[in-house]
Amino acid sequence: MTTDGLSWPPLLIAALAIACVLLGGWGALRLRRWWRRRALARRMRHARRREASAHAWLERQGFTVLDRQATRGATLLVDGDPVPFVVRADYLVERDGVRSVVEVKTGAVADAGARETRRQILEYAWVYGVSEVHLFNADDRSLQRVSVPPSAHPPEHSWWTRRRIAIVAFAAGVAVALVAAWAVAAAFAR
395 MTTDGLSWPP
405 LLIAALAIAC
415 VLLGGWGALR
425 LRRWWRRRAL
435 ARRMRHARRR
445 EASAHAWLER
455 QGFTVLDRQA
465 TRGATLLVDG
475 DPVPFVVRAD
485 YLVERDGVRS
495 VVEVKTGAVA
505 DAGARETRRQ
515 ILEYAWVYGV
525 SEVHLFNADD
535 RSLQRVSVPP
545 SAHPPEHSWW
555 TRRRIAIVAF
565 AAGVAVALVA
575 AWAVAAAFAR
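As numbered in this note's numbering, the sequence shown has no gaps in its residue numbers, which increase by one up to the final residue, 584.
Source of the hints: derived by calculation from the structure; they are not laboratory data. Do not rely on the hints blindly, as some may be mistaken.
Said to hold, decoys possible - If you anchor each label on the Cβ, the simulated ranges turn out as follows:
| hint | residue 1 | residue 2 | range |
| --- | --- | --- | --- |
| 1 | 456 | 509 | 28 to 34 Å |
| 2 | 436 | 558 | 51 to 57 Å |
| 3 | 447 | 542 | 55 to 61 Å |
None of the values given here were measured: they were computed from a predicted structure. Backbone N, C-alpha and C define an ideal beta-carbon position, used for all residues, glycine too.
Turn these sequences into a full structure, and let the hints guide you.
Encoded structure:
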């Protein structure tokens with residue numbers, strides 16, 4: 395191939411094509427990262443504005459706001475060694491003599507069934523020692539009361555499930571022993 399008297403070797407054309415693909419991929423990756431950071435910043439601004447407006451809404455609903463961004467420390471034991479950590483709740487409130495935590499959420503996580511939200515609610519109940527956590531959906535200004543059972547023990551049927559597994563394992567062991575005994579007796583009978 396010649397252009398204006400210049401000759402382009404096929405290897406150079408392939409190298410330029412690869413360089414263009416790599417440069418295009420790098421540019422697309424940078425653009426994607428920038429777009430994600432922009433979207434995350436927009437969601438965070440929205441969440442901060444909604445959380446700030448929750449304070450007045452809670453007071454209008456009869457809650458006394460005791461603390462905002464309330465931090466509380468707790469400790470887990472990992473192989474017997476204490477591992478401290480800190481939890482921060484959006485609001486620590488009281489109404490009718492009952493103290494509780496209010497978690498402000500927006501978007502899809504403003505649902506008590508969302509995995510991260512559910513775990514956060516359980517953590518708040520344990521660390522703050524409250525029996526209920528309120529989930530405030532800042533987008534539609536609704537409040538859900540999430541009651542946390544006093545015990546995190548497995549359901550009672552788990553004992554029966556373990557017992558059934560033991561019975562089945564024992565029966566399988568007996569069956570294998572009987573088959574082995576029959577095979578040995580048959581071998582000696584010949």
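Outcome of the hint check:
For residue 456 and residue 509, the hinted distance range of 28 to 34 Å is satisfied, since their beta carbons lie about 31 Å from each other. Between residue 436 and residue 558, the C-beta spacing of about 53 Å keeps the proposed range 51 to 57 Å intact. For the pair residue 447 and residue 542, the supplied restraint of 55 to 61 Å is violated, since their beta-carbon distance comes to about 26 Å.
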